[in-house]
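**Student:** The whole structure should be built from the sequences, with the hints applied where relevant.
Here is what each chain is made of, one letter per residue.
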Amino acid sequence: MHSLPPQRVLAGLALAALASFALALATGSVPGVLSALLDSSQGAGARSAVLWQLRLPRALSAFAAGGLLALAGGLLQALLRNPLADAYVLGVSGGAAVGAMLALLAGSGLLGMQAGSALGAFATLAALFLLARRAFFGRLHSAARVAEEASTAVLLTGVMLAAFAAALLSLLLALAPDAQMRSIMFWLLGDLAGATDLRAALAALVVLALLLLVATTQARPLNLLLRGDLQAFVQGVDVRRVRRRLVLVSALATATAVTLAGAVGFVGFVAPHVMRRLVGNDQRVLLPASALGGAVLVLLADTLARTAVAPLQLPVGVLTALIGVPVFISLVRRL
Amino acid sequence: MNVAIECRGVRLQAGARVLVDALDLRVDVGSRWVVLGPNGAGKSTLLATLAGARRADGGVVLLDGRPVEHWDVQALAAQRALLPDGWLDPFTASVLDTVLTARYRLGEADEHGSRVAAEWLARFDCAALPQRDVRSLSRGERQRVAIATALSQEAPLLLLDEPIAHQDPRHQALVVDELARLDGHTIIASLHDLNAAVRMATHALLLSGRGDWIAGTAAEVLTAERLSALFDAPIDRLQIAPDRQFFAVRAPR
Chain A
1 MHSLPPQRVL AGLALAALAS FALALATGSV PGVLSALLDS SQGAGARSAV
51 LWQLRLPRAL SAFAAGGLLA LAGGLLQALL RNPLADAYVL GVSGGAAVGA
101 MLALLAGSGL LGMQAGSALG AFATLAALFL LARRAFFGRL HSAARVAEEA
151 STAVLLTGVM LAAFAAALLS LLLALAPDAQ MRSIMFWLLG DLAGATDLRA
201 ALAALVVLAL LLLVATTQAR PLNLLLRGDL QAFVQGVDVR RVRRRLVLVS
251 ALATATAVTL AGAVGFVGFV APHVMRRLVG NDQRVLLPAS ALGGAVLVLL
301 ADTLARTAVA PLQLPVGVLT ALIGVPVFIS LVRRL
Chain B
336 MNVAIECRGV RLQAGARVLV DALDLRVDVG SRWVVLGPNG AGKSTLLATL
386 AGARRADGGV VLLDGRPVEH WDVQALAAQR ALLPDGWLDP FTASVLDTVL
436 TARYRLGEAD EHGSRVAAEW LARFDCAALP QRDVRSLSRG ERQRVAIATA
486 LSQEAPLLLL DEPIAHQDPR HQALVVDELA RLDGHTIIAS LHDLNAAVRM
536 ATHALLLSGR GDWIAGTAAE VLTAERLSAL FDAPIDRLQI APDRQFFAVR
586 APR
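Chains as they are written, first to last, in the numbering used here: chain A, 1 to 335; chain B, 336 to 588.
Don't take each hint at face value.
[Unchecked claim] Listed next, with one range per pair, are the computed distances between beta-carbon atoms: (1) B:Leu-397 / A:Arg-133: 53 to 63 Å; (2) B:Ala-410 / A:Arg-277: 32 to 42 Å; (3) A:Ala-115 / B:Ala-444: 52 to 62 Å; (4) A:Ala-115 / B:Glu-454: 25 to 35 Å; (5) B:Asp-407 / A:Val-327: 40 to 50 Å; (6) B:Arg-352 / A:Leu-110: 28 to 38 Å; (7) A:Arg-8 / B:Asp-407: 37 to 47 Å.
[As the list claims (entries may be wrong)] A short list of chain A residues far from chain B (calculated; beta carbon distances all over 12 Å): (8) Arg-133; (9) Met-160; (10) Gly-228; (11) Val-239; (12) Phe-328.
Since the hints were derived computationally from the structure, they do not count as laboratory data.
These figures come from a predicted structure and were not determined experimentally.
We put the beta carbon where it would ideally sit given N, CA and C, even for glycine.
**Tutor:** Listed below in structure tokens is the structure:
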């Protein structure tokens, strides 16, 4: 039971965030982008355009998407009382991808795809909680053993929804015209190459800040909810209200992130897992730490994704999955 | 005497099966009730109903004169605590943090929390545990931590679902005696151990699981004849000393 002092961890994460921003803005095929800020000579204009129109929006998008996914993952893990829960594992990201794909095939543009992905994320979470409603919003006084089985039921339902979404995606891919294949593939794997809209990135950051605020105001009751619904109710928590709020927060967070970056997997699972080992399991600290950690993780992963095999760009989701799957398996082995 | 909690015509059902019917019960402040009955008779259901966690299927439960479902969740937490029949520890947490969840109703600025938690842990022989991970405890230890948690809520009414579960003989006696010694608390506890029941109860409620029930003082209700009928097994009462008696079960039919 050794956790680091929360202030130190949060301060360290803030420093890491600044450092990874500097790294993300400075690295890439065009050198000297940061110094263009102080430079007024010829050619500085082009370099400053790279900074403002490409790297900064992309870095902010990566940061926001990572933070949102990690926040959603941390909340889902606490709500399901299972460290394996994550928007990607539960099929929410897959559902979002189906929504986006349907919009694309219907001929709508980027905005339509984003609306489609948000709708898909919401529809999947709604389906998950409807299918597993009895387990999740069921009787307060179920025995502890029943509650444990119920959480497993929700998780398994989510895994099956993910499989169903994957099947739908394969079907849509088979029907999709060849010309769109590559961009679709990248989007499915989670890709930030299209994230060049500074306003969208800033809006996502604001959403992240607001959702994190709501989540932290519910962190104390969530700490109690972790130990069972009956116990939390007896100790004074309005169980259903806290649940409803936090499910909504995790749905909004996932939808925003998927809209921004596609189906980036495993961040929502890895970041809270790593942070839990550093700060312990007090949700008041764990939620902000996870959000910051996930943000830094995706920012670094995306910087690596666009520079590792330059001039080729990798989808960031490939890197997060390469990191996430071993962590997932190691955690299952210790359960 | 003031009434802590009262049942008027309470019916409890499991699906269509009626477990308890038309239960009228007045629990006075400071009394210690034990609830006895065969497996599945509705003991846990009754405790959850008294706690306000589920609605009675008929009748009304009055806490401090007001129907329990009309109480605000936080105000209710100041009135009654419940020891559930199990616990969930999905993530690691220290014993102290686990006990401190009981202080939720008192807000962030609860300066007495750690001291109160440490005192109750010590009384139930858990003084060495505060920094341990709850997931590393034995079941008996975890159960005593759960009891200390319920008490740290500082609610005058204690609803305890099998408080001596998983306890070795010494800790059974310790838990029972500590509960009997509590000052200013009213206790309603379900038990399976008849001797523990005699040891701590001022009153007893027998639930058959078929609707009927018997309630009264321990001396009236905890007799060999009634217990034999309740459990459908011959039970003898042995008087060991003027103030000590022992219940023994013969081979059931």
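**Student:** With reference to the structure, classify each hint as holding or not holding.
**Tutor:** Results for each hint:
1. B:Leu-397 / A:Arg-133: 53 to 63 Å: 32 Å, violated
2. B:Ala-410 / A:Arg-277: 32 to 42 Å: 38 Å, holds
3. A:Ala-115 / B:Ala-444: 52 to 62 Å: 45 Å, violated
4. A:Ala-115 / B:Glu-454: 25 to 35 Å: 57 Å, violated
5. B:Asp-407 / A:Val-327: 40 to 50 Å: 42 Å, holds
6. B:Arg-352 / A:Leu-110: 28 to 38 Å: About 59 Å separates the Cβ atoms of Arg-352 of chain B and Leu-110 of chain A, which means 28 to 38 Å is violated.
7. A:Arg-8 / B:Asp-407: 37 to 47 Å: 39 Å, holds
8. Arg-133: Check passes; 18 Å lies beyond 12 Å.
9. Met-160: Answer for Met-160 of chain A: holds, closest chain B Cβ roughly 22 Å.
10. Gly-228: 4 Å, violated
11. Val-239: 8 Å, violated
12. Phe-328: Correct as stated: the minimum Cβ-Cβ distance to chain B is 16 Å, above 12 Å.
Hints 1, 3, 4, 6, 10, 11 from the list above are not met by this structure, while the remaining hints are.
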